[in-house]
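J.: From first to last, the protein sequence lines are chains A and B. All residue numbers for the first sequence refer to my numbering, where the first residue is 1 and numbers rise by one. All residue numbers for the second sequence refer to my numbering, where the first residue is 1 and numbers rise by one.
Treat the hints as calculated values from the structure; they're not laboratory data. From a predicted model like this one, the values you see are computed outputs, not experimental measurements. This list has only true hints and no planted wrong ones.
Derived list of chain A stretches under chain B, where covered just means 3 residues or more per stretch with a C-beta under 8 Å from a C-beta of chain B:
id	stretch
1	72-83
2	148-162
What the simulated footprint calls covered on chain B by chain A, stretch by stretch (three residues with Cβ under 8 Å from a Cβ of chain A suffice, anywhere in the stretch; the number is not a length):
id	stretch
3	8-15
4	31-43
Think of the CB as a built atom: it goes at the ideal place given N, C-alpha and C, for glycine as much as any other residue.
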Amino acid sequence: MASESFTAANGTQLVALGTWANANALDSDFVVESNALRTPFNRAVSLLAYYVGTFADDQYAQGTITQVGSSLQRMGVAVRCSAGNGYFLCAHVGGWTLAKLVGFSFTSLASGSFTLATSDVLYLEAAADQIVAKRNGSTLATVTDTSHVSGNPGVSGIGEAASGTYTLLDAWQGGDLSIATGAAVRAYYSRLLAG
Amino acid sequence: MRVKLTQDVLENGQVKTTIRPRRKQAIGWFEGAVVEMSDASAQKYIEAGLAEPVPAAAEEIPS
Numbered sequence: 001m002a003s004e005s006f007t008a009a010n011g012t013q014l015v016a017l018g019t020w021a022n023a024n025a026l027d028s029d030f031v032v033e034s035n036a037l038r039t040p041f042n043r044a045v046s047l048l049a050y051y052v053g054t055f056a057d058d059q060y061a062q063g064t065i066t067q068v069g070s071s072l073q074r075m076g077v078a079v080r081c082s083a084g085n086g087y088f089l090c091a092h093v094g095g096w097t098l099a100k101l102v103g104f105s106f107t108s109l110a111s112g113s114f115t116l117a118t119s120d121v122l123y124l125e126a127a128a129d130q131i132v133a134k135r136n137g138s139t140l141a142t143v144t145d146t147s148h149v150s151g152n153p154g155v156s157g158i159g160e161a162a163s164g165t166y167t168l169l170d171a172w173q174g175g176d177l178s179i180a181t182g183a184a185v186r187a188y189y190s191r192l193l194a195g
Numbered sequence: 001m002r003v004k005l006t007q008d009v010l011e012n013g014q015v016k017t018t019i020r021p022r023r024k025q026a027i028g029w030f031e032g033a034v035v036e037m038s039d040a041s042a043q044k045y046i047e048a049g050l051a052e053p054v055p056a057a058a059e060e061i062p063s
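Okay, chain B solo, but in the shape it has when bound (with noise of 0.2 Å):
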């Protein structure tokens, strides 16, 4: 599931960052970051406020 992050996720005090090895792509857990979770957890952070939803794709674009 896509959600945007509503506010900075914080991880030991750090911006919360993940890799995508395939793509040697870092993701900085900002606010406004969207990033693809499973449901169960977006909808943990969806939850505690982190974030929000967001509706399916307009527009793909290949990896």
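One chain only, chain A, in its complex shape (with noise of 0.2 Å):
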């Protein structure tokens, strides 16, 4: 299981921690704030990181938020990313977004509406051709894709940080799945054990 506590100085990029590389950020896209990770100003887009390292195609990463900004702002968390390619889930303070980058071209798969807090976990898997969203062990959507078997798990954003009110995640953890830990690998095996 890899981790991330984002503790350096307020600015510092997310790659200069030297265990990430942008799936379709710049490296000044995601920055440190109050030792945890917010999108940048004046160049928002929409943002994914990975974590480098080996990881299982079935895989899981999930974030912490730990400040709600007022904004459209979305922080969240991503898995089985590579160079223009991923599955991320991403909130701001009244909604939630689980969406694909394929070739740098993106498609939603699901959204919501919710009310996001403080220290609410945002969770996501993926075990074969399911995606499962989560918020604080709670699904918010399952998904049936295949347009992404392997890749490394990450982190997302979308929006631009607004002085004073930036949403933040922190707390990051991605790894591979196992029976024992993941949601969609039991519907998985189930579905086949059921023939």
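Join the two chains into one complex using the hints; note that each chain is given alone, in its own frame.
T.: If you want it as structure tokens, here you go:
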């Protein structure tokens, strides 16, 4: 399992932490703020970055919201990322989106409304063709998609951070799924066993 | 002109995507994304209720 606490001076670029690479972001797009992660000022679009390493195809990522911004700026997590590719879940104060980036082209897979709160844990897993998004252990969406079969877990963000009211993500974890930890893995093998 | 999208912008049933070729970065036109466009286009998006103007940048980030 990989983890990241984003412990660095304010303004430090995510990639400068040494274990991150951009899937659809510039070096200056994710930055540290209050030992957590935010999107930048001025040029925040739809951002993905991933943790460098070797991961199983069935994998998860999760992170904790440590501050909720008042604007539409979103933070979240991602799985099966590579350059120009990945699945991601991100949330702002009033809603969430599950989407995919395929060859630098976006598709929304599911979305909804909720009230994002400090300490909320956003979680995304990919197992076989099942992509499962959760908040605090409760499933937001389960979709079937085969666009990506491998890649790395990561982080996501959309929108511009408004000064003083950023949405911040911290306590990031990413790793391989097991039958013990992956709801989608269990569902997949249950389907197989059921014939 | 820079605008903030107030809802997802769809094109052919998908989220509208544009590319910054020099930076090799895709821009997904999701709710909340801040995108740069001509003043005329911005006005159309604002009038359609799809976007709102964004004040001048408070912080410049180098490309």
